[in-house]
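Residues in the sequence shown are numbered from 356 upward in steps of one, following my numbering.
Keep in mind that a hint or two might mislead.
Unchecked claim - Each computed SDA-like pair below joins lysine to any residue, with the alpha-carbon atoms no more than 25 Å apart:
id, residue 1, residue 2
1, K602, K510
2, K417, R737
3, K403, I569
4, K471, I514
5, K656, T619
6, K718, Y695
7, K704, Q735
8, K528, L605
9, K429, P515
10, K432, K510
11, K528, Y695
12, K538, A462
13, K471, A703
14, K656, K704
15, K528, K704
16, K472, G513
17, K417, E582
18, K718, A540
19, K429, A394
20, K602, A394
21, K403, A462
22, K671, A726
Unchecked claim - Between beta-carbon pairs, the in silico distance windows are:
id, residue 1, residue 2, range
23, R698, A721, 32 to 38 Å
24, G460, L748, 32 to 38 Å
25, K704, D734, 22 to 28 Å
26, A649, L720, 18 to 24 Å
27, R475, A730, 25 to 31 Å
28, A721, L470, 24 to 30 Å
29, G513, P537, 35 to 41 Å
30, W714, D639, 26 to 32 Å
31, A727, P537, 20 to 26 Å
32, R661, D734, 25 to 31 Å
33, S636, R475, 16 to 22 Å
34, E740, D639, 46 to 52 Å
In short, the hints are calculated from the structure, not lab data. Even glycine gets a Cβ: it sits at the ideal position worked out from N, Cα and C.
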Amino acid sequence: MAFNPPRWRALVLAVLLVAAPLPAHAQEPVLSGIDVLLADPPQALVGKRIGLITNRSAVDAKGVSDIDRLYADKRFKLVRLFAPEHGLRADRQGDIVDGKDTVTGLAVMSLYGSLKKPTRAMLEGLDALVFDIQDVGARFYTYHSTMALAMQTAKEVGIPFVVLDRPNPINGKAVEGAVLDPKLASFVGYYPIPVRHGMTMGELAKLYNEAFGIGASLSVVPLRNWERGMWFDQTALPWVNPSPAMKTPLTATLYPGICLFEATNVDCRVGDRPFEKVGASWIDGAAYARALSAHALPGVKFAPFREGTVSGVEVKVTDREAFQAVKTGLVMIAEVRRLYPDRLRIEAKGFDRMTGASWIREKLLAGEAPAAITAAWQDQTRAFERDRAPYLLYR
356 MAFNPPRWRA LVLAVLLVAA PLPAHAQEPV LSGIDVLLAD PPQALVGKRI
406 GLITNRSAVD AKGVSDIDRL YADKRFKLVR LFAPEHGLRA DRQGDIVDGK
456 DTVTGLAVMS LYGSLKKPTR AMLEGLDALV FDIQDVGARF YTYHSTMALA
506 MQTAKEVGIP FVVLDRPNPI NGKAVEGAVL DPKLASFVGY YPIPVRHGMT
556 MGELAKLYNE AFGIGASLSV VPLRNWERGM WFDQTALPWV NPSPAMKTPL
606 TATLYPGICL FEATNVDCRV GDRPFEKVGA SWIDGAAYAR ALSAHALPGV
656 KFAPFREGTV SGVEVKVTDR EAFQAVKTGL VMIAEVRRLY PDRLRIEAKG
706 FDRMTGASWI REKLLAGEAP AAITAAWQDQ TRAFERDRAP YLLYR
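I would like the entire structure built from these sequences, with the hints used as guidance.
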């Protein structure tokens, strides 16, 4: 199956093939790993045969694809592409199949289908494996798992693994949610970290490699001028959807908590604004909004809505620094259960994998107050903040 990127990519590539790398001083204030790499490439990659795990979210400061930049740059030999969940263009659902990039002609190998961990044969002939995908800051976003599994295979075949770092779009300070119970490890949560981890992909790679024993020959090309308290819209970097539903940085802000509804029979992707509206045909939006408002949750307000047969609430973040996405999502589910105990359905396996602990669902169904549930994971959160400290790259 052929991958057909937009026509502009072919035009950009033609220009890049004869263009010199952009000077460092011409970049935006915050530079992602790809821009830092192009300005000062590590010798470990110069002249080497590179495999690239990526999707359309991996662009330079001017919005040009990593694929095009690396393929056009004669200092590198980009020879193979690997596609994660949602494919190379981050626009697909379901399994991804192998194919070919029609601009570069490079083979595209799927890491989201019958195989999720690359085989040794898939890395044959490569001198290095490079990873660059925009994360959204939530444990159950599967690109973390793709990275970890690829690191394992890179270790097995003895080639370097290089992460081109990108910002955590919902800042690198806030940590929230239970740490994943290792018994619940899956592709939507591979290592024991909280739902909202507050780390970049480069930092996670260091954590996975050292604390969880992957032991790959890992290097991270760090961001430049990024600070932990920054939100994505403060970086001046272009936002490119890393998956079909992840349309804006606001989507990413809501995602760690509102996405929990995906393990229920309540819709959290109403209309064209995923995770901003939550509802069902049997919910009274006005009553639901009143019940949620009574909790006085920090940094968020709720407004009733109706679209067609679906009614519910719109989630409006009023102060993102105070907003606690995971707590908010849990309170919202608890209120649906209180108001509609005979209607709400929770898919236990999926919910437990997303929250990270079966006891959260058990306490929720037993009617325990959400505040008590969220208080119960605070010790885990504080311990993780201490444990992650040696692997942080930014202040």
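That 25 to 31 Å hint for R661 and D734 (C-beta), does it hold up? At roughly 41 Å between Cβ atoms, D734 and R661 fall outside 25 to 31 Å, so the hint is violated.
Can you confirm whether the C-alpha distance between K602 and A394 stays at or below 25 Å? Between K602 and A394 the Cα gap is close to 29 Å, so the pair fails against 25 Å, i.e. violated.
Has the given pair, K471 with I514, been kept, meaning a C-alpha gap of at most 25 Å? holds (19 Å)
Is the gap between the beta carbons of W714 and D639 within 26 to 32 Å? holds (30 Å)
Can the restraint linking K403 and A462 be considered satisfied, given a maximum Cα separation of 25 Å? Since the Cα atoms of K403 and A462 sit roughly 17 Å apart, the hinted pair holds (cutoff 25 Å).
Taking only the CA atoms, is the gap from K671 to A726 under or equal to 25 Å? holds (20 Å)
What's the verdict on K417 and E582, does the C-alpha distance respect the 25 Å limit or exceed it? holds (21 Å)
With respect to the beta-carbon atoms only, verify the hint that S636 and R475 lie 16 to 22 Å apart. violated (50 Å)
Quickly compare the C-alpha distance for K417 and R737 to 25 Å and report which way the hint goes. With Cα atoms ~38 Å apart, K417 and R737 exceed 25 Å; violated.
Hint check: K718 vs A540, CA-CA at most 25 Å. Holds or violated? Cα-Cα ~21 Å, so holds.
CB-CB spacing for D639 and E740 relative to the 46 to 52 Å hint: For D639 against E740, whose Cβ atoms are near 40 Å apart, the range 46 to 52 Å is violated.
CB-CB spacing for L720 and A649 relative to the 18 to 24 Å hint: The hint (18 to 24 Å, Cβ to Cβ) holds, given that A649 and L720 are roughly 21 Å apart.
Checked against the numbered hints listed earlier, the structure breaks hints 1, 2, 11, 12, 14, 15, 20, 23, 27, 28, 29, 32, 33 and 34; every other hint is satisfied.
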